[in-house]
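Asks: Heads up: the protein sequence lines correspond to chains A and B, in order. In case it helps, this note's numbering puts the first sequence at residues 1 to 333. In case it helps, this note's numbering puts the second sequence at residues 1 to 326.
FYI, nobody ran anything at the bench for these hints, they're computed from the structure. In this text, a Cβ means the ideal position worked out from N, Cα and C, and glycines have one as well. Check before you lean on any hint, since a few could be wrong.
[Unchecked claim] Partial selection, computed: residues in chain B whose CB lies under 10 Å from chain A:
id, residue
1, THR58
2, GLY77
3, LYS81
4, GLY93
5, LEU107
6, ASN115
7, GLY116
8, GLY127
9, PHE130
10, ASN151
11, HIS156
12, ALA159
13, TYR181
14, PRO203
15, TYR255
16, ASP324
[As the list claims (entries may be wrong)] A short, non-exhaustive set of chain B residues, derived as facing chain A with CB atoms under 8 Å:
id, residue
17, GLY89
18, ALA92
19, ASN95
20, HIS103
21, ALA125
22, LEU164
23, HIS245
24, TRP264
25, ASN319
26, ASP320
27, TYR323
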Amino acid sequence: MAAATDQATREIPYIAAITEGVRQSLHEFPESFVIGEDVAVAGSVFGIYKGLLDEFGEKRIVDTPISEAGIMGLGVGAAATGLRPIVDIMFMDFIGECMDEVSNQMAKMRFMFGGKAKLPVTVIMLGGAGMSMAAQHSQSLEAWLCHLPGLKVMMPATPYDAKGAIIAAVREENPIFVILNKISLGITGPVPEEPYAIPIGEAIVRREGSDLSVVAIGRMVHEALTAAEELAGDGISLEVIDPRTVQPFDTATVVTSVKKTHRAMIVHEAVRFAGIGGEIAAQIQEEAFDYLDAPVARLGAPFSPVPYSPPLEQAYMPDAKRIAATAREILGR
Amino acid sequence: MADAPSNEVLHDMHERMVRIRIFEEEAGKLMENGKVPGALHLYVGQEAVAAGIMVHLTDADQITSTHRGHGHVVAKGGQFKEMYAELYGRAAGYNKGMGGSMHISNLDIGILGANGIVCGGPPIAVGAAFSNKYRETDQVAVPFFGDGASNEGAFHEAANMAALYKLPCVFVCENNGFGEYTSQKRHQAIRDVADRAAGYGMPGVIVDGMDVIAVYEAAGEAIDRARRGEGPTLLECKTYRFYDHVGVRGMGIDYRSDEEVEEWKRRDPIKLLEDRMAEQDVLSSDAAAAIHERVRKEALEAIEWADASPYPEVETLLNDVYYDGE
Chain A
1 MAAATDQATR
11 EIPYIAAITE
21 GVRQSLHEFP
31 ESFVIGEDVA
41 VAGSVFGIYK
51 GLLDEFGEKR
61 IVDTPISEAG
71 IMGLGVGAAA
81 TGLRPIVDIM
91 FMDFIGECMD
101 EVSNQMAKMR
111 FMFGGKAKLP
121 VTVIMLGGAG
131 MSMAAQHSQS
141 LEAWLCHLPG
151 LKVMMPATPY
161 DAKGAIIAAV
171 REENPIFVIL
181 NKISLGITGP
191 VPEEPYAIPI
201 GEAIVRREGS
211 DLSVVAIGRM
221 VHEALTAAEE
231 LAGDGISLEV
241 IDPRTVQPFD
251 TATVVTSVKK
261 THRAMIVHEA
271 VRFAGIGGEI
281 AAQIQEEAFD
291 YLDAPVARLG
301 APFSPVPYSP
311 PLEQAYMPDA
321 KRIAATAREI
331 LGR
Chain B
1 MADAPSNEVL
11 HDMHERMVRI
21 RIFEEEAGKL
31 MENGKVPGAL
41 HLYVGQEAVA
51 AGIMVHLTDA
61 DQITSTHRGH
71 GHVVAKGGQF
81 KEMYAELYGR
91 AAGYNKGMGG
101 SMHISNLDIG
111 ILGANGIVCG
121 GPPIAVGAAF
131 SNKYRETDQV
141 AVPFFGDGAS
151 NEGAFHEAAN
161 MAALYKLPCV
171 FVCENNGFGE
181 YTSQKRHQAI
191 RDVADRAAGY
201 GMPGVIVDGM
211 DVIAVYEAAG
221 EAIDRARRGE
231 GPTLLECKTY
241 RFYDHVGVRG
251 MGIDYRSDEE
261 VEEWKRRDPI
271 KLLEDRMAEQ
281 DVLSSDAAAA
291 IHERVRKEAL
301 EAIEWADASP
311 YPEVETLLND
321 VYYDGE
C-alpha cells in the first residue's frame, strides 16, 4: 500500500498528466523515443503527445505507417539493442494486430534467451467504453496481457497515477503496458510538477471502510468512490482499493482489507467471464476463506461486444449505481 | 559488381559451411535417435547463404534467425558446446535450456534469436536497425526468413518501415522452395520473392544461394549500402533444404520427389566451393578432408560434453521471466 498524494497542490487533467509523464521520461532517458501511429505531427488522436514533436524533434517522436505488428516488433528489437522505446498503440483494441509481437516475442524473449535480453519497453494504449466508439474501439482487454508471463500491466485511474505510472513504466527494465482510459482524459486531479513514479505492483486504498472491500480496476475506481459516498449516507462503509497495477497483482493489500471487512466485490469494465475479477476472487478465497462472510461478488460487462447505441453502452458498463446495489445486496441492507 | 572474395575469405566461408554441415548432420542423428528432445529444423543444403552473409558481419551486427536457425548461429560464431547443450535442454546451453532449437540465440554475438514463429524475426530486426541508426553506429541488422515467411503480414510491415526510415537492414530471403511442406508454386503466385522489393522502394537482388561466392558478392554490396545509410535491400537466395522440414527423414510426408532432391544435391554448396577452391589451388581435397575431420571431432566432443552437462534446476524456472536487477 502506498501513501496518498497529499503533497500535490496543482490540479491538471489526466490528459496533461500523461503528456507530462512522457515528456519528463524523454528528458530522463536520451535513449527513449515515442513511436506509433499519428504520434508526431498529429500529437496522437487523443492529443496525449501534443507539443512533443516540437520539443524533441523527429528522431524521438516517430510517426509510423499503420502497422501495429511492425511497430511492436520494432519496439522489441530496439529495446533488446539498447534503446528504451515508448510504443503507442492508440486504441488497445488494435493489439490484435500485433499480438504475436506481444505474446510470442516481447513477453518471452528474455526467458527464451536464458535471461540474456533486457526489454525496457513501455506500451501506451487507451481502453474503455463510453464514447460510442463501438465494439472495436472500446474494449478492456487487460486480461489478455495479464495472462502472459513476462509482461507487466498498469491501469492508472487518476491524473496523479497516470503520470506516475508512465514514468515508472519507462524506468522499468521489463516490458510494461500502461492502459489509460479514454473517457477519463478530462478528469482533473492533483499532480506534482516534478517527475515521480508510482510503485509498480502496489495497490492503494482510495477510501477506508469497514463493511465491504471493493476492488475497482481502472476507471471503475471513480464509480466505486461515488457509490461509497452514496452508501455512507446510509451508514454503509465501503473500502475502495485501486490495484493500479494488475500484473503483478498486489494480493496482500486486498487480502488485508478483506480480513478486516469480511466481504469483497471486484469491479471491472471488461467482460465478467474470464476477466481478472475471477483471478482476484480466487486469490481472496485461497488466502482469506475463513474470513469471508459472503461469496466474493464480481461486477463486469455482460458477455457481449461493446454496443454502439448510447443507452445500451451505458447499460453495458458497470457504474456507481450497480456497485451500490450490489453492495446492498451483499450486506442485506 | 562487388569484389571477389580473397583466398582468406574463401577459407573462412568454407570453414563456416563445413561447421554448419557437420553440426547439423550430428544434430540430425541426435534427434532421430531420440537423444535430444523437441523438433529440429535442419539447415543442411542452405549453408552458402549463412556463410556468405555472415562473413561480412561483426559480433556487433545483429541477425534474426528462423526456426531453421542452427546454421545462422554457427555461421555467426556460435560455439558447438553451448549449442548442443541447448539442444539437449541443459543449463550450459546458450539459453540455459529454456529455448531449445527453435529459439537458440546468443545476444553477445548479435543473435536476436532463432524464432519459432514464421516471420517473427523481421520486425525485431527492423527494431535493431532502428536502434543502430538512432545510436548512430555503423551496425547492420540482417533478418533471415524464408519464402513462406514472405507471405506473412509482418514481413510487409517490417519491409515497408525499414525502407521508409532508410534503416541499415538487409532482408535475406532464403527461398528454399517450401513453406513447411507446401511448395512455393502452391503458396505464392510469384517465383521471385525479390519482386516484392519494388513495392517497398528498395532494391531486390536475386542470387544463386548454392554458390557462396555469389552470395558473398551480393551480400557485400547490400551490407555496404546499409552501412552507408542508403537503406535496406531485399536479397533473395535461391536454395534448397536437403533434409526434411523437420529432422532428416522427417515425417514421411510425400511432398517432393527424390529426383528433385537429388538434382539439388548435385549442386551441394560445399562441394561447389571445394571444387572451385581446388581449381584455384586454394584448397586441396586432402586439406578439405582434414578440415571435415577436425570439425567432426570437435562436434562429437561437444556432444559428449553437452550430454554430460547437468539439466537446469527446477528452482531456476522463474529466474528469467522478468529482469529483477540480477
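Asks: Hint by hint, say whether it matches the structure.
Replies: Evaluated hints:
1. THR58: 14 Å, violated
2. GLY77: 15 Å, violated
3. LYS81: With a minimum Cβ separation of about 15 Å from chain A (threshold 10 Å), the hint on LYS81(B) is violated.
4. GLY93: 7 Å, holds
5. LEU107: Since the shortest Cβ distance to chain A is 4 Å, the answer is holds.
6. ASN115: Constraint on ASN115(B) satisfied, holds at 8 Å.
7. GLY116: The hint holds - GLY116(B) has a Cβ within 10 Å of chain A, the shortest such distance being about 7 Å.
8. GLY127: With a minimum Cβ separation of about 2 Å from chain A (threshold 10 Å), the hint on GLY127(B) holds.
9. PHE130: 5 Å, holds
10. ASN151: Given a least distance of 14 Å, the restraint on ASN151(B) is violated.
11. HIS156: Constraint on HIS156(B) satisfied, holds at 8 Å.
12. ALA159: ALA159(B) check passes; min Cβ-Cβ to chain A is 9 Å, inside 10 Å.
13. TYR181: Status violated, d = 22 Å.
14. PRO203: Status violated, d = 20 Å.
15. TYR255: 26 Å, violated
16. ASP324: Given a least distance of 8 Å, the restraint on ASP324(B) holds.
17. GLY89: Where the cut-off is 8 Å and the nearest Cβ of chain A is about 11 Å from GLY89(B), the hint is violated.
18. ALA92: 10 Å, violated
19. ASN95: 4 Å, holds
20. HIS103: 4 Å, holds
21. ALA125: 6 Å, holds
22. LEU164: Interface hint status for LEU164(B): holds (7 Å vs cutoff 8 Å).
23. HIS245: Violated. Min distance 20 Å.
24. TRP264: 32 Å, violated
25. ASN319: OK, holds: ASN319(B) within 8 Å of chain A, min 6 Å.
26. ASP320: 3 Å, holds
27. TYR323: Since the shortest Cβ distance to chain A is 4 Å, the answer is holds.
In terms of the numbered hints stated before, the structure departs from hints 1, 2, 3, 10, 13, 14, 15, 17, 18, 23, 24, listed from lowest to highest.
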